[in-house]
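Chemist: Each chain is listed here by its residues.
Protein chains: 2
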Amino acid sequence: MVLSVLRYRSKRPMSVVCLIVKKKEYGMRGWLAAGLAVCMAGAQATPVHEYNLKNGMKVLVREDHRAPVMVAQVWYKVGSSYEVDGITGISHVLEHMMFKGTDEYASGEFSRIISENGGRENAFTAQDYTAYFQTMEKSRLPVSFELEADRMRNLTLPEEEFLKEVQVVMEERRMRTEDNPQSLAYEQFAATAWASSPYRTPIIGWMDDLENLSVADLRAWYLKWYAPDNATLVVVGDVDPEEVFQQAKKYFGPLQAGEIVAPKPRLEIEQRGIKRIEVKAPAELPYLLMGYKVPVVHTAEVEWEPYALVVLAGILDGGTAARLESELVRGGEIAASAGASYDAYDRLESLFLMSGTPTTGHSMKDLEDAFMAQVGKLQDERVTAGEMDRVVAQISADKVYEQDSIFYQAMQIGILETVGLSWKEADRYLERIKAVTPEQVQAVARKYLQRDHLTVAELVPQPIDPKQPPRSGGSAHVH
Amino acid sequence: MVLSVLRYRSKRPMSVVCLIVKKKEYGMRGWLAAGLAVCMAGAQATPVHEYNLKNGMKVLVREDHRAPVMVAQVWYKVGSSYEVDGITGISHVLEHMMFKGTDEYASGEFSRIISENGGRENAFTAQDYTAYFQTMEKSRLPVSFELEADRMRNLTLPEEEFLKEVQVVMEERRMRTEDNPQSLAYEQFAATAWASSPYRTPIIGWMDDLENLSVADLRAWYLKWYAPDNATLVVVGDVDPEEVFQQAKKYFGPLQAGEIVAPKPRLEIEQRGIKRIEVKAPAELPYLLMGYKVPVVHTAEVEWEPYALVVLAGILDGGTAARLESELVRGGEIAASAGASYDAYDRLESLFLMSGTPTTGHSMKDLEDAFMAQVGKLQDERVTAGEMDRVVAQISADKVYEQDSIFYQAMQIGILETVGLSWKEADRYLERIKAVTPEQVQAVARKYLQRDHLTVAELVPQPIDPKQPPRSGGSAHVH
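In order, the protein sequences belong to chains G and S. Under this note's numbering, read the first sequence as residues 1 to 479, first letter to last. Under this note's numbering, read the second sequence as residues 1001 to 1479, first letter to last.
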């Protein structure tokens, strides 16, 4: 979830960095389970202090006194999975607009003030959340709070700024998706894999929806979701929790609660057989995406299953010792790249993903067969104790990195709270991973990695220079 | 569009007949083009008188004095293609609720009064419209108008009635979709073929959405779409147009206009390669669905293309002389049934569909190859003058049936108006069909029946009695 964050420097005047957390959409070479572990493991370091404001806003504070800095993050329970057809991408456009002025501060003032106070800021839009972050010297916490509280309820959303900003977003879409064959393939893959789940639409939105978005739509979206009772404030750093709470009361306390109506569940309908698509786009290399429907912690009926899936992902993908790297990339030399990923902390039923690119000497069919053989092996044979140890060791080792970052600590707390879990989940994570048995890994492989719940997308490269033929012809898979 | 209307007698106390127009979803054995022609051709019979009320309501009247009856229809521009994820099926549930009482008339009164006046009534929900019809002795027109005007703005939507009615609809869904393998396959086919078009969701809605629908959702939907400026009143029968207009003014004139916001365009994203799914469900027989993305009259950039597609559908499917019947069913005996359909009067980009079931001696692959061979033949060779004549003759001959039905005359006017065309389109239809050349049929076959814009769904029968094996194993298509 964290490792695949894409950094994008927008054309905003104040050089605000806007991040769309498009996990899984861009290559998936990292080991996401490890990424989670980074955030998880350190959660045991110091306790989280939990407060609630009367308007429904939750305040979570963790002390970390290694450096005289703090990160303040405001997490909203809204993102692309809250959107409906016709206004896809609206959460992300609204994130852009959050820098475009309030009654109190004109457009751009927010970023200028943070910057003048030596702060760094970010904003993220993902499927399940929209979040705003400032990292500042610890005494500047009130600066962050005042500005965040102000824009939570007082955004002006001027039409002329909107008209400019939506163009910026459309350009972002062109760069990141239209001109990126793997993203394009992922987007169509997700739209096929999911029939009724909101995970079927792209975070950045369909171009046609962006073209037809209005400032009235944004205003309605803002009023619907931006309220203290739909927000979590997370502060990690060299701070005193009680003092943070007092400041939070001072700045966020006066805000009026919203009238938050929970989004419709929009459960995915039962998949009753394999789905398969081709995606033809100008590209250098083919690319294969395979995804199985799987539960996550938030939806799991059997508590240990998501953790077993995390371990399973670690068996396949997690450095050079993992199976995909050792057997498909180095061993068989079938894949130029191959990855597997699974995010246990999505809000809704998710996908266990495998993806890769065949080597020049191998076809997409070879690569798919190799992935299927890996699945078969996981179903037929128990993973070894040695492999289990490697996965747990990797997750544990990641603690080191995690403790270095107050940002990721805060991010993990924010994600867990926002997807309907609790920050306490972080404290249990490592212990649950350690409790997974080889039998459980085999059991989830058998239960969930089933052909009838699989979606396969194949990027079929088309000439980038239309005068040149593509590297390889189509595929024999999807007739 | 008309021929595949499904009749369903609901469990409503007043035995109101509720029709969902699920064109294309149920077998598609009829020749839809002919069905359209039925309605079209007769449109030239007598002129349509057009009036506009000050509140934005359009009134269209056609005289037909053969019998002392009239049909009155109220058409709303709302249907499943106006819905968004999370509230799919809401238009249809609202149609049910339209019989559940207003401030003036208690639940069930509507149907009782119509019945007491010797009238028959229907209501339809489709992708692009919701419509309410009464057929009555001509003097009873004011009865119909008074009741329809009343429920256009004064529905009470009592919660207890809603809770009962949504159960009725869920049962309807179980009977029509969950327990109907072809419907189930069609539903998943549409959800795969369409990525961003609203045609991807079922008219009856996803079960999970029905389960989570609230009377507050319905109230909002009613307020949003049920207003005179979003409605067309169509009257056909033994009436005097000017008198009908006076009555319309009297009953509908006082209604306040709504604040209608046009739905988002939600254009379908470009399909970049074939899509293919398996749908496993308890069934006796396999079933193949193939659909190509095609324009319709409302979206066409080249005016004649939709008419050429209508003729193309007629070449393939339209009685025993048509190619599918003569070459696939009788000739090669590959198909136990085979059909093709296309509806030129959808509101949005549509699908050219082919569907069928192989004979016992043939595989799904054989059937698909046979369909593809038919497509190839249409692309490679011009259709003969004889075949062109047959299609035009068939459409022309259908005039006879059409003139028999004031109901279908009114329905055609209503559909055309509601999908954004004009009733005048009906007068031009036959002439445009006649103007289609063999070259144009070949041109649309080449331009639109392209593999990269094709979606294929295969119903793979599972045992109905789980103890018995299915008729045939899966398929070699979708690995």
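Because the hints were derived from the structure by calculation, they are not lab data. A quick note: this is a predicted structure, and the numbers were derived from the prediction, not measured. Treat the hints loosely; a few may be bogus.
[Stated by the list, open to error] No farther apart than 27 Å at their CA atoms in a straight line, the calculated lysine-lysine pairs in the DSSO-like style are these: (1) Lys54/G with Lys224/G; (2) Lys365/G with Lys1365/S; (3) Lys1250/S with Lys1054/S; (4) Lys1424/S with Lys1138/S; (5) Lys1138/S with Lys224/G; (6) Lys377/G with Lys424/G.
Chemist: Can you confirm whether the C-alpha distance between Lys54/G and Lys224/G stays at or below 27 Å?
Modeler: 19 Å, holds
Chemist: Taking 27 Å as the top limit, are the C-alpha atoms of Lys1250/S and Lys1054/S close enough?
Modeler: With a Cα-Cα distance of about 12 Å, the restraint between Lys1250/S and Lys1054/S holds, given a limit of 27 Å.
Chemist: Check whether the Cα positions of Lys377/G and Lys424/G lie no farther apart than 27 Å.
Modeler: 35 Å, violated
Chemist: Run the distance test for Lys365/G versus Lys1365/S: straight-line Cα separation, threshold 27 Å.
Modeler: 20 Å, holds
Chemist: Regarding the pair Lys1424/S and Lys1138/S, is the alpha-carbon distance no greater than 27 Å?
Modeler: 25 Å, holds
Chemist: Given the hinted pair Lys1138/S and Lys224/G, is their Cα-Cα distance within 27 Å?
Modeler: 50 Å, violated
The structure shown violates the earlier hints numbered 5, 6.
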